[in-house]
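Novice: Sequence:
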Amino acid sequence: MKQGGAILSAKEVEMMSYALEVKGLKKHFGPVKANEDVNIEVKEGSIHAIIGENGAGKTTLVRNLCGLYQPDEGEIKLFGQPQKFKSPQEAIEKGIGILHQHFMLVDAFTVLENILLGSEPNSKLILKKDLGRKQVEKICKQYNLEIDLDATAGDLPVGLQQRLEILKILYRGAKLIILDEPTAVLTPQEVNSFFQIIRDLTDNGCSVIFISHKLKEVMEISDYVTVIRDGTSVGTYKTADVDEGFLASQMIGRDVSLEIEKPEKKDFGEVVLEVEDVTTKGDKNSQNLRNVSFDVREGEIFGVIGIAGNGQEELIESVLGFNEIENGKIKIFGEEIGDKGTLNFRERGNIGCIPSDRLKEGLVPDLSVLDNSYLGFQNDEAILNKGFISKAKVEERAQEIIDKNNVKVSDLRTSILNLSGGNQQKLIIGRELLDDPKLIIAVQPTRGVDIGAIEFIYKNLIERSQQKVAILLVSNELEEILSLSDRIAVIFRGEIMGIGKPDDFTKEEVGLMMAGERLAEGGSSHERCNG
0 MKQGGAILSA KEVEMMSYAL EVKGLKKHFG PVKANEDVNI EVKEGSIHAI IGENGAGKTT
60 LVRNLCGLYQ PDEGEIKLFG QPQKFKSPQE AIEKGIGILH QHFMLVDAFT VLENILLGSE
120 PNSKLILKKD LGRKQVEKIC KQYNLEIDLD ATAGDLPVGL QQRLEILKIL YRGAKLIILD
180 EPTAVLTPQE VNSFFQIIRD LTDNGCSVIF ISHKLKEVME ISDYVTVIRD GTSVGTYKTA
240 DVDEGFLASQ MIGRDVSLEI EKPEKKDFGE VVLEVEDVTT KGDKNSQNLR NVSFDVREGE
300 IFGVIGIAGN GQEELIESVL GFNEIENGKI KIFGEEIGDK GTLNFRERGN IGCIPSDRLK
360 EGLVPDLSVL DNSYLGFQND EAILNKGFIS KAKVEERAQE IIDKNNVKVS DLRTSILNLS
420 GGNQQKLIIG RELLDDPKLI IAVQPTRGVD IGAIEFIYKN LIERSQQKVA ILLVSNELEE
480 ILSLSDRIAV IFRGEIMGIG KPDDFTKEEV GLMMAGERLA EGGSSHERCN G
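In case it helps, numbering that gives the first Met the number 0 puts the sequence shown at residues 0 to 530.
It should be emphasised that the hints constitute simulated quantities derived from the structure, not laboratory data.
A quick note: this is a predicted structure, and the numbers were derived from the prediction, not measured.
Treat the hints with care, since some could be wrong.
[To be verified] Using C-beta positions, here's what the derived DEER-type ranges look like: (1) Phe108 to Ala381: 47 to 57 Å; (2) His101 to Gly268: 51 to 61 Å; (3) Ala381 to Ser192: 44 to 54 Å; (4) Glu478 to Glu399: 31 to 41 Å; (5) Glu74 to Thr278: 55 to 65 Å; (6) Asp410 to Thr278: 31 to 41 Å; (7) His27 to Asp365: 23 to 33 Å; (8) Ser292 to Thr505: 52 to 62 Å; (9) Gln88 to Glu136: 34 to 44 Å; (10) Asn191 to Lys133: 24 to 34 Å; (11) Val105 to Asp365: 34 to 44 Å; (12) Glu74 to Ser118: 27 to 37 Å; (13) Pro156 to Thr505: 13 to 23 Å.
[Said to hold, decoys possible] In silico DSSO-like cross-links for lysine-lysine, where the CA-CA straight-line distance does not exceed 27 Å: (14) Lys265 to Lys237; (15) Lys93 to Lys83; (16) Lys359 to Lys407; (17) Lys500 to Lys265; (18) Lys213 to Lys32; (19) Lys261 to Lys32; (20) Lys280 to Lys215; (21) Lys174 to Lys42; (22) Lys237 to Lys261; (23) Lys93 to Lys127; (24) Lys458 to Lys437; (25) Lys140 to Lys174; (26) Lys265 to Lys42; (27) Lys506 to Lys261; (28) Lys390 to Lys458.
The beta-carbon is built from N, C-alpha and C at its ideal position, and this holds for glycine as well.
When you get a sec, could you build the whole thing from the sequences and use the hints?
Specialist: Written as structure tokens, this is what we have:
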């Protein structure tokens, strides 16, 4: 581990000019100290990463920087000038631009119309669209951002939609650009292209703050990195002087293993889940499945990867029996689901389900930790006494979940909302796996959790697979799918583009399939799937 990543020396700091200086920033919400003592200096023309666990205070910091919040204490300087932003509009006017994780586009408008919206050049209330086009074309040329200004925004692939968002920011004169988890919706190819855009931005005088939980990307793209822990900045380092392990330990305050140790498996058991030529019939807001086929065997982790919104949700709903199947069939433990969609999916056998959205699908926010600990298991004989739920048995079950999964909670009767995201996720996993299911359906299991919780979740899934449990893993994280899975399937617009072992494909080939290229025989060429 590189320990040469010492905090920058006073001499180094003195020689730098800064786009942003944050000193002693504090922001409290009642007893919650979201930002307690944040100090950050972003050098002009640099790519400066900010990392930290969920709940460390990154989001609060960004909201202070963009005028959504006003700090309780501390100082913010932008290009050497003290600032007190009273609104997001004021922050924009001073040169701060934010690329949000979720795009803010009008799909029916053209690229040019989206860029000009709200900042149209005008004279005597007459819109000068041609003038706006010339200004945008100049920015495109300056920053090497090629895009069809007359294309409809909703028809663009995700990578170009993100490029459009960057153009909106630049058109408004941003010189300090904050990127909030910017690669979450991109294929590997789009990530490479996006990184080149970031470098072009800094080459042309912009300064960039890169917020991400992906340490590999932080190491690749950033010049400096600041770690925030428990609302406090614990250090700023030259990225070249540190490694992922050091940064991870700084984030959570202890050493953590980032390596996934997965024993090699030579064979698997019986088929547990079989999906055969499944086509679904959904509404206009859903992505129908089309002739989807795969199976998951005992002891196998079968990973499904794709850009969000390409049929993953519909696939899981179909497997659980909540989605209408037009053609094909799904078998669990050898029994076809048929018309059992209205029944509790647990009635089909011993199944554990880790949903993609813990607060909307896995927990009831208004209930306590105790009540959430047996959610979905109300009819389980283990917690019943003469047909009624036993308070003593429920408490015993909850405590067992907490102890086995190291869930940090002060009182069983506290609101589930008082737990961190990682502890909420651990509670769900503990609840779903307590009865040793034979089939685990894990959907985005590490979404929004910190590195320590990710380490716990990975180990748990691998241990279960070693116990001959069949696992269907659905994730948007390519590294997660490739590292954990025994076989993978790539999904695009409800169709499977390819199935094989992770070693059967390069990351570039997986990225192409995620973008709709179907792998031809031999894996050396592709054909486009127009969907």
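Novice: Against this structure, judge whether each hint is valid.
Specialist: Against the structure, the hints come out as follows:
1. Phe108 to Ala381: 47 to 57 Å: holds (56 Å)
2. His101 to Gly268: 51 to 61 Å: violated (41 Å)
3. Ala381 to Ser192: 44 to 54 Å: holds (52 Å)
4. Glu478 to Glu399: 31 to 41 Å: holds (32 Å)
5. Glu74 to Thr278: 55 to 65 Å: holds (60 Å)
6. Asp410 to Thr278: 31 to 41 Å: violated (49 Å)
7. His27 to Asp365: 23 to 33 Å: Since the Cβ atoms of His27 and Asp365 sit about 25 Å apart, the hinted range of 23 to 33 Å holds.
8. Ser292 to Thr505: 52 to 62 Å: violated (24 Å)
9. Gln88 to Glu136: 34 to 44 Å: Since Gln88 and Glu136 have Cβ atoms about 26 Å apart, the given range 34 to 44 Å is violated.
10. Asn191 to Lys133: 24 to 34 Å: holds (30 Å)
11. Val105 to Asp365: 34 to 44 Å: Hint holds: Cβ distance 35 Å, inside 34 to 44 Å.
12. Glu74 to Ser118: 27 to 37 Å: Since the Cβ atoms of Glu74 and Ser118 sit about 29 Å apart, the hinted range of 27 to 37 Å holds.
13. Pro156 to Thr505: 13 to 23 Å: The hinted range 13 to 23 Å holds for Pro156 and Thr505, with Cβ atoms some 20 Å apart.
14. Lys265 to Lys237: violated (43 Å)
15. Lys93 to Lys83: holds (11 Å)
16. Lys359 to Lys407: At roughly 21 Å apart (the allowed maximum being 27 Å), Lys407 and Lys359 satisfy the hint.
17. Lys500 to Lys265: Distance of about 12 Å is within 27 Å: holds.
18. Lys213 to Lys32: holds (25 Å)
19. Lys261 to Lys32: Violated, because 39 Å separates the two Cα atoms, which is more than 27 Å.
20. Lys280 to Lys215: Violated, because 40 Å separates the two Cα atoms, which is more than 27 Å.
21. Lys174 to Lys42: holds (12 Å)
22. Lys237 to Lys261: violated (32 Å)
23. Lys93 to Lys127: holds (24 Å)
24. Lys458 to Lys437: Holds - the C-alpha atoms of Lys437 and Lys458 are around 17 Å apart, at most 27 Å.
25. Lys140 to Lys174: holds (17 Å)
26. Lys265 to Lys42: violated (52 Å)
27. Lys506 to Lys261: holds (19 Å)
28. Lys390 to Lys458: Outside the cut-off at roughly 32 Å; violated.
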